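A.B. asks: Sequence:
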Amino acid sequence: MTDTQNNFDLDDVEAVSAQSVEPPRFAHDLEAIYDIPVTVSAVLGRANMQVSQLLRLGRGAVVELDRKVGDSIDILVNNRLIARGEVVMVDENRLGVTMTEIIKYGKVKN
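Just so you know, my numbering puts 82 at position 82 of the sequence shown, and the rest follows in order with no gaps.
Rather than coming from a laboratory, the hints here were simulated on the basis of the structure. From a predicted model like this one, the values you see are computed outputs, not experimental measurements. Beta carbons are placed, not taken as given, at the ideal position from N, Cα and C, and that holds for glycine. Heads up, some of the hints might be wrong.
To be verified - Derived DEER-like restraints, expressed as beta-carbon distance ranges: (1) 63 <-> 106: 32 to 38 Å; (2) 34 <-> 96: 19 to 25 Å; (3) 90 <-> 47: 21 to 27 Å; (4) 69 <-> 30: 37 to 43 Å; (5) 38 <-> 88: 17 to 23 Å; (6) 95 <-> 29: 33 to 39 Å; (7) 34 <-> 80: 16 to 22 Å; (8) 92 <-> 42: 17 to 23 Å; (9) 55 <-> 30: 46 to 52 Å; (10) 56 <-> 106: 42 to 48 Å; (11) 71 <-> 38: 31 to 37 Å.
Model the full structure from these sequences, guided by the hints.
C.D. replies: Here is the structure:
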């Protein structure tokens, strides 16, 4: 069969497909979620130990972490890794984190 026998052509199909695409969402569509609180954590490193080792820790004890000085740290939002970064001094008494890498995840399929 040809396009003329079906009484349509490919240009018509493409035009309908373009019209059926959902318009992009704009920033104002997201305003409802802007005030939802989230927990942001900057993880310097992790350590595994037995309870007996944990109970022996006292003031001044050093817990060795799985990272080295200068390694990137993990930045989590609600316990989900979203970025990596470096520790920086904000002022004399405060630390901050500079994001150096944003973690991209694939879209979740239903």
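A.B. asks: Each of the hints needs a verdict: does it hold here or not?
C.D. replies: Against the structure, the hints come out as follows:
no.: 1; hint: 63 <-> 106: 32 to 38 Å; in the structure: holds (35 Å)
no.: 2; hint: 34 <-> 96: 19 to 25 Å; in the structure: holds (22 Å)
no.: 3; hint: 90 <-> 47: 21 to 27 Å; in the structure: holds (26 Å)
no.: 4; hint: 69 <-> 30: 37 to 43 Å; in the structure: holds (39 Å)
no.: 5; hint: 38 <-> 88: 17 to 23 Å; in the structure: holds (21 Å)
no.: 6; hint: 95 <-> 29: 33 to 39 Å; in the structure: holds (35 Å)
no.: 7; hint: 34 <-> 80: 16 to 22 Å; in the structure: holds (19 Å)
no.: 8; hint: 92 <-> 42: 17 to 23 Å; in the structure: holds (19 Å)
no.: 9; hint: 55 <-> 30: 46 to 52 Å; in the structure: holds (47 Å)
no.: 10; hint: 56 <-> 106: 42 to 48 Å; in the structure: holds (44 Å)
no.: 11; hint: 71 <-> 38: 31 to 37 Å; in the structure: violated (25 Å)
Comparing the model with each numbered hint stated earlier shows that hint 11 is the single one that does not hold.
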